[in-house]
Amino acid sequence: MSAEVELVLVRPKEDGNVGAVARAARNFGIRHLTIAAPRAPLGQEARRRAMAGVVLLESARRVADFREATKGADLVVGTTDLVTGRSTAYLRRSIPPERLGELLRGLEGRVALVFGPEDNGLSRTELARCDLLVHVPARREFPTLNLSHAVAIVLYALHRAKGSDDPETTPAPEEVPLDGQGKEIFLVKLAELLEEAGYPAHKRAGMVLLFRRVLGRSAPGESEYRMMLGLLKTTRRAMKRSHGG
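So for the sequence shown, the working numbering puts the first residue at 1; every next one is plus one.
Be careful, since some hints might not be right.
What the hints assert, rightly or not - Derived lysine-lysine pairs resembling DSS-like cross-links, with alpha carbons at most 25 Å apart: (1) K233 - K203; (2) K240 - K203; (3) K189 - K162; (4) K203 - K189; (5) K13 - K71; (6) K183 - K203; (7) K183 - K233; (8) K162 - K233.
As the list claims (entries may be wrong) - Here are the computed distance ranges between Cβ atoms for each label pair: (9) T125 - G216: 52 to 58 Å; (10) K13 - L82: 14 to 20 Å; (11) R62 - T144: 22 to 28 Å; (12) A40 - R110: 24 to 30 Å; (13) L209 - T170: 35 to 41 Å; (14) L210 - N146: 58 to 64 Å; (15) R160 - K13: 28 to 34 Å; (16) T144 - R236: 31 to 37 Å.
Calculated directly from the structure, the hints in this document are not laboratory data. Where is the CB? At the ideal position from N, CA and C, for every residue including glycine.
My request is simple: use the sequences and hints to build the entire structure.
Here it is, written out as structure tokens:
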């Protein structure tokens, strides 16, 4: 992603929330923060919650309003907690964060990513000045997220859109290769253990099938199958010792 994303907070109400936003922004590589008409001074609570993001607080651009905050941006992206499915209601027609990540992936220029105040969000006038709106889906009876949480979710989606090859990102979780051979060996050894333990013969096939389904859902890797086989082996040894074998 070549677009330079500038995070804009309009009339934030709680200084602690601004600090938490700065921390999340630093996590996801945001270098520019603009604060328009904050309703509380940014004091110790903001700095405490910002942690390593305090550098963003100290370098944040302070402006008077939404218009000044977004002046010069090539693309203004607003956020809203309310959406509509009606095609004619363009004021709140929005896309999810993942789609925004896809759109920005191949773009260059300055993008203003704007979040409204905690209590009532961006005004209708401000929403009308946005080129694009983003909505984080949540439950209908309580769709409004905490400001810092909403920021973190959207920035995470943008960050992941860069792909795991981005040299500035932490590694994605390691992919675990499937081990079909290990699975079949484990199921054979399980069946043998069930027989030695005296498990009812008419139930053994069903128990082995149950484990096959469970293993299919969890998709263990080679090292995990080795550990499970070791458990079966140890159990069989303990059974033999208890029977004097």
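Tested hints:
1. K233 - K203: Within the cut-off at roughly 21 Å; holds.
2. K240 - K203: This hinted pair holds, its Cα atoms lying about 22 Å apart.
3. K189 - K162: 45 Å, violated
4. K203 - K189: 16 Å, holds
5. K13 - K71: Cα-Cα ~22 Å, so holds.
6. K183 - K203: 20 Å, holds
7. K183 - K233: Roughly 15 Å between the alpha carbons, so the hint for K183 and K233 holds.
8. K162 - K233: Not OK: K162 and K233 at ~46 Å, beyond 25 Å, violated.
9. T125 - G216: 52 to 58 Å: Because 54 Å falls inside the window, the suggested range holds.
10. K13 - L82: 14 to 20 Å: 18 Å, holds
11. R62 - T144: 22 to 28 Å: For T144 against R62, whose Cβ atoms are near 26 Å apart, the range 22 to 28 Å holds.
12. A40 - R110: 24 to 30 Å: The hinted range 24 to 30 Å holds for A40 and R110, with Cβ atoms some 28 Å apart.
13. L209 - T170: 35 to 41 Å: 40 Å, holds
14. L210 - N146: 58 to 64 Å: For N146 against L210, whose Cβ atoms are near 42 Å apart, the range 58 to 64 Å is violated.
15. R160 - K13: 28 to 34 Å: 29 Å, holds
16. T144 - R236: 31 to 37 Å: Hint violated: Cβ distance 57 Å, outside 31 to 37 Å.
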